[in-house]
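There are 2 protein chains.
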Amino acid sequence: MAEHELRQLIEAADRAITAEDFDGLMEFYADDATLVVKPGLNATGKTQIRKAFVAIAAHFKNALKVRQGRMQVIEGADNTALVLMETLLDVEGQAEPIVRRATYVFRKSEAGRWLCAVDNSYGTSLLDG
Amino acid sequence: MAEHELRQLIEAADRAITAEDFDGLMEFYADDATLVVKPGLNATGKTQIRKAFVAIAAHFKNALKVRQGRMQVIEGADNTALVLMETLLDVEGQAEPIVRRATYVFRKSEAGRWLCAVDNSYGTSLLDG
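The listed protein sequences correspond, in order, to chains A and B. Oh and the first sequence: position 27 is 15 in the working numbering, straight run, nothing missing. Oh and the second sequence: position 51 is 39 in the working numbering, straight run, nothing missing.
These are calculated hints, taken from the structure and not from any lab test. All clues stand as given, with none of them false.
No copy labels: a pair is met if it fits in one copy or bridges any two.
Using 16 Å as the maximum straight-line C-alpha spacing, the simulated EDC-like pairs for lysine to aspartate or glutamate come out as follows: (1) K39 - E15; (2) K34 - E63; (3) K96 - D20.
Modelling step: build the complete structure from the supplied sequences, incorporating the hints.
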């Protein structure tokens, strides 16, 4: 099966996170997108989301590297897509990466551009809280 | 926190599954919604989704009961919502329910009505395949 265009998009977004290119990163989000910063704390809109990524980078001492593993895309009604993706976080001082199973909602604009509407890198583990 | 309206909607849909009211069940889906029937097999559009539910009911010998556990709703851009939900399936001949962590994408119509755009009851376990 050909690689879904959303995989390339998410890989590019994660390269922007690793490079701390937060202005570039915001291009991947819809204006009123929601990011789950951590369980119980959401950021909504690009201003809040950008601030959250700056704080996350500082939390990981500016040494966060993000990689992707397996991925499934399920396109649905109204130009939406649910993306399930293994995300590997390499952080300073840890030999093994943190592995998460992220869940994203994307929506394709009328211009045919996919934008992230919901970014929940915690996946269904949010239900553990 | 008040119960999200999507919880009531999903509970009503699951009551329709238990009652095998498939016409009623279809009211919860957007016209071009996608249902993950099983890993690797998707149904798209109400005609295919209805057929899949008839087959699922037969597979469980018309004795499937669906209940909900914990739930998280993350509303995002463009009137979308990501729903994470524990789903308990009571099936004939099994003392313990099958527990899944479902992931749904809903979208609110211009009339203010939530419709299911992606129904993936397998959640991130689809990545195991």
